[in-house]
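Student: Single-letter residue listing:
2 protein chains.
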Amino acid sequence: MRFSISKFDEGSKARAGIIETDHGSIQTPIFMPVGTVGSVKGVFHRDLRDDINAQIILGNTYHLYLRPGLDVIRSAGGLHQFSSWDKPILTDSGGYQVFSLAANRKITREGVVFKSHIDGSKHSFTPENVVDTQRIIGADIIMALDECTPYPCEYAYAKKSLDITHHWLQRGVDRFRATGPVYDHQQTFFPIVQGSTFKDLRAQSAEFISSMNCEGNAIGGLSVGEPEQDMYEMLEVVNNILPADKPRYLMGVGTPVNLLEAIALGTDMFDCVMPTRNGRNGMLFTWEGTINIRNEKWKKDFSPIDPSGTSFVDSEYSKAYLRHLVISGEMLACQIASIHNLAFYLDLVRTAREHIIDGTFASWKPTVVKQLQQRL
Amino acid sequence: MRFSISKFDEGSKARAGIIETDHGSIQTPIFMPVGTVGSVKGVFHRDLRDDINAQIILGNTYHLYLRPGLDVIRSAGGLHQFSSWDKPILTDSGGYQVFSLAANRKITREGVVFKSHIDGSKHSFTPENVVDTQRIIGADIIMALDECTPYPCEYAYAKKSLDITHHWLQRGVDRFRATGPVYDHQQTFFPIVQGSTFKDLRAQSAEFISSMNCEGNAIGGLSVGEPEQDMYEMLEVVNNILPADKPRYLMGVGTPVNLLEAIALGTDMFDCVMPTRNGRNGMLFTWEGTINIRNEKWKKDFSPIDPSGTSFVDSEYSKAYLRHLVISGEMLACQIASIHNLAFYLDLVRTAREHIIDGTFASWKPTVVKQLQQRL
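If you read the protein sequences in the order shown, they are chains C and Z. Mapped onto my numbering, the consecutive letters of the first sequence carry residue numbers 1 to 376. Mapped onto my numbering, the consecutive letters of the second sequence carry residue numbers 1 to 376.
Excised from the complex, chain C in its bound form (with noise of 0.2 Å):
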């Protein structure tokens, strides 16, 4: 992996580069569309290259793990092969889903115990045998285990699973640099900045993540309750630190103003569920704010979608007939919806890369993050 600045915000610390990998490059900043079991919910590959025209997609190491199960992705070929995507791919270690589905879970030093939410086995994540798994998978870019701490996150409890998560990074570091990879392209791997909202712990994860040298640095723990202000404080100290030639990936975030707030804050990687997720119960966002689809105002709005969305589905699709769809428990409205929200969220950091290379991102963001908030 090759990673690259073109251009420096002057205005803030957001930055326009390129990550080069095997299965292409990826112009960041971008967002990363989640593909839990090796599928984006409700989307074809073609549509997603073609239409959302993403760049990189996530796929999740414990639903892949369990499901189809890595015998059957190795036989296949890798994950690529598997689901018919040639563009790069990134996976989670496993952790963040096992800490939130997965029964009985035990945390110790040496790894997590668990059950599977599907059939109840009984399994064990280790950072070396996520490495492993990831190599199987054959993603791009794989993720260091760590403890994703729940907000509110007594200091206490902070401080010592930030100490599991420097352990276990120590450890996959060691087994990724002591493995190659299983297929014919390169495989990356990236450290996971923890800290909860605690500012020296932050400073602190950061120094250590950063003291490991890797090509590119994600910062976990965010968005997952606390107020956005102190998500914002955060990434300020850990970006701070973090090296600037490096990518940082915020994980799990977040809504459109988020992307553009940590944008600013000198953050080059999303992914979330946001769109997809939120898509299906009929929440669209726009470049002039969100819709709700489901309200009576919309009922005869015959007007398109998104008049200055992306997809072949703004300019297909009426309001109306949206509303509809998802009134009556369509399956097409899930997928009408979640195509928009993802070709938006990929307009949404295309148009802030053209901003940033332009020199008028500082000047740009407050209105549009203005327009962003509202609903329509």
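Derived from the structure by calculation, the hints contain no laboratory data. Treat the hints with caution; some may be incorrect.
All copies of an identical chain are treated as equivalent in the list; a pair is satisfied when it fits inside any one copy or across any two copies.
Derived lysine to aspartate or glutamate pairs resembling DMTMM-like cross-links, with alpha carbons at most 25 Å apart [what the hints assert, rightly or not]:
(1) Lys300 x Asp132
(2) Lys159 x Glu236
(3) Lys115 x Glu354
(4) Lys7 x Glu288
Here the structure is a predicted model, which means the values were calculated and not measured.
Keeping the supplied structure of chain C fixed, place chain Z upon it in accordance with the hints.
Tutor: Here is chain Z on its own, set in the frame of chain C:
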């Protein structure tokens, strides 16, 4: 509407024809995907048009009447406008869903009174108002209100029911002829032959329906549980009576083999939820036979879903990947299977048509029927 027959098959009663409507022409024999509430479940209209090559789709009057309701559809300028589908649409009368879905239904010579399955609200369908409703929906082909008898059915009930169906038909035809289209395209009206599995009632009904001199005729009340042989026998009786120079539409049928047998008996139009409904359950129809993609045997079969399939999904995705998505309950599985099955059904009738035109239909059919009946 105009119907012309390009070729009569010499070895059977099959015919290849063309139906011309104000929304374009339809090459028969044709299969019509079912667009229940104005959307074919899980399929974008773009893919319906360009990938599946659908020439006409169905809408369900009962569903559309309840949601979004006639007020919205009329305001939109009809269902074509509302749902962004500019090719032909056929709507059923709503009767079938009243009998299968609605609560507290009560049939009289006047019509049928029922309660909505959605909110329990009370409604009434009459032979006249279902014509008015379909005028407002704006379907190119609109259907008469009938009672679809269940199977098995006592002779006395079938006879009494047929009497009501014929009474309703006369009133429906009168209403249709006394009214005009609501929008700027022509509409046509098809009556429906009933009579359960009784040859004399079927013959009597076909005679009465023919006497209405409509531009096309439908056959209802088949594929409701009776042995397939009974269905073919009824079809033979009915098709011998219905005028040969008008399209014959067999409602709600069926499997690929049913279609070929019915085509051989002189039937021109079909609709069925089977390709989408069975697809959502993991059943795929192919030229080589049916596939239950949930079977363990496909777990590591990384070959394309259907090498001879015409849809983009057939070559883009593997059987193993689709199986994984079905087992995982992913929405994308429903989308892939639906689009595959619909594309196959359209390929089936298109190929049958080519063989009719080539004069090879009678020799081709038995071989294909044998293949289609295999379970892979």
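Student: For each hint, tell me whether it holds in the structure or not.
Tutor: Hints, one by one, checked against the model:
1. Lys300 x Asp132: Between copies only: 21 Å across chains, 54 Å inside a chain, cut-off 25 Å.
2. Lys159 x Glu236: Intra 20 Å, inter 81 Å, cutoff 25 Å: intra-copy only.
3. Lys115 x Glu354: Neither. Shortest intra-copy (46 Å) and inter-copy (56 Å) distances fail the 25 Å Cα cut-off.
4. Lys7 x Glu288: Cα proximity of Lys7 and Glu288: none, with 27 Å in one copy and 56 Å across.
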